[in-house]
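For the protein sequence lines, the chains are A and B, in the order given.
The first sequence begins at 1 in our numbering and counts up one residue at a time.
The second sequence begins at 1 in our numbering and counts up one residue at a time.
Honestly, I wouldn't trust all of these hints.
To be verified - Example chain A residues on the side facing chain B (calculated, C-beta under 8 Å, incomplete): (1) Asn-7; (2) Ser-23; (3) Gly-25; (4) Tyr-27; (5) Gly-28; (6) Phe-41; (7) Pro-49; (8) Gln-52; (9) His-57; (10) Asp-65; (11) Met-66; (12) Arg-68; (13) Ile-72; (14) Phe-73; (15) Leu-75; (16) Asp-76.
To be verified - Across the chosen pairs, the derived CB separations fall in these ranges: (17) A:Lys-21 with B:Arg-42: 45 to 55 Å; (18) A:Lys-21 with B:Ile-48: 46 to 56 Å; (19) A:Lys-21 with B:Asn-27: 51 to 61 Å; (20) A:Ser-67 with B:Ile-48: 27 to 37 Å; (21) A:Gly-25 with B:Arg-42: 40 to 50 Å; (22) B:Thr-111 with A:Ile-17: 15 to 25 Å.
FYI, nobody ran anything at the bench for these hints, they're computed from the structure.
All C-beta atoms in this analysis are idealised placements derived from N, C-alpha and C, irrespective of residue type, glycine included.
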Amino acid sequence: MNLKDINRLIKAGDVRIHVIKLSPGLYGFVYFSRKGRYHIFISEELSLPGRQEVLLHEIHHIVEDMSRIAYIFGLDMQWEQTEKEANFFARRIFRKIK
Amino acid sequence: MATFGERLRYLHEEKGLKQTELAKMLNLESSSTISQYETINRIPDAYILQRLAEIFDCSIDYLLGRSNIRNGSISAALNKVHAAVSDDPELLAFWQELSEREDLQTLFRQTKDLSPEAIKRVIRYIKMVEDEEAAEEF
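Can you make the complete structure from the sequences, with help from the hints?
Written as structure tokens, this is what we have:
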């Protein structure tokens, strides 16, 4: 996945982004709605670079994890491989666009 | 809900295993046994089921298609949400319906375990999205 793919995904309109108040310790989450849209929620407490990194993290989940796993509720999975890979991806892309 | 054969096929393809490789991991003489599991929905004995659950990190109920909850960690997460919203009847009803969805998909970017209040806020946002999208139809 590269920046073009990310752009295409967002332009298709199936991804909605919400910047909202979240509790400390939660930077963001992604939810797949009944209508088939991906909703990415990002904490308003984060700086702009922080928000961008969370956005990339959640996009990685949409492309790499949610397309592959039928049922997932990933609460408290912060140490699991899925999360580590999404973090690695977000940091790699973020370094490119900075 | 999926059958055992459908679940097994999905899991082995997801893991990128060939039927021959899976047969070897289960100490089966031939991959045709795996094929029978998948195509004619033959149910294996308890030992094989246990081994499959270990290989694919899932519960036996999930393998047999009796549950959509893949493993214990998801089950624990669902219970945690249930406890967090249990004092709010409207949110609880929404959550009970939501957790039954066969295609429920939610992932979190978090740095520590969340408090019940934090979880409740997340479910409220999810409900808001669903309510808004449902209203679009009218």
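Against the earlier hints, flag every one the structure doesn't satisfy and list their numbers going up. Checked against the structure, the hints that fail are numbers 1, 7, 8, while the rest are satisfied.
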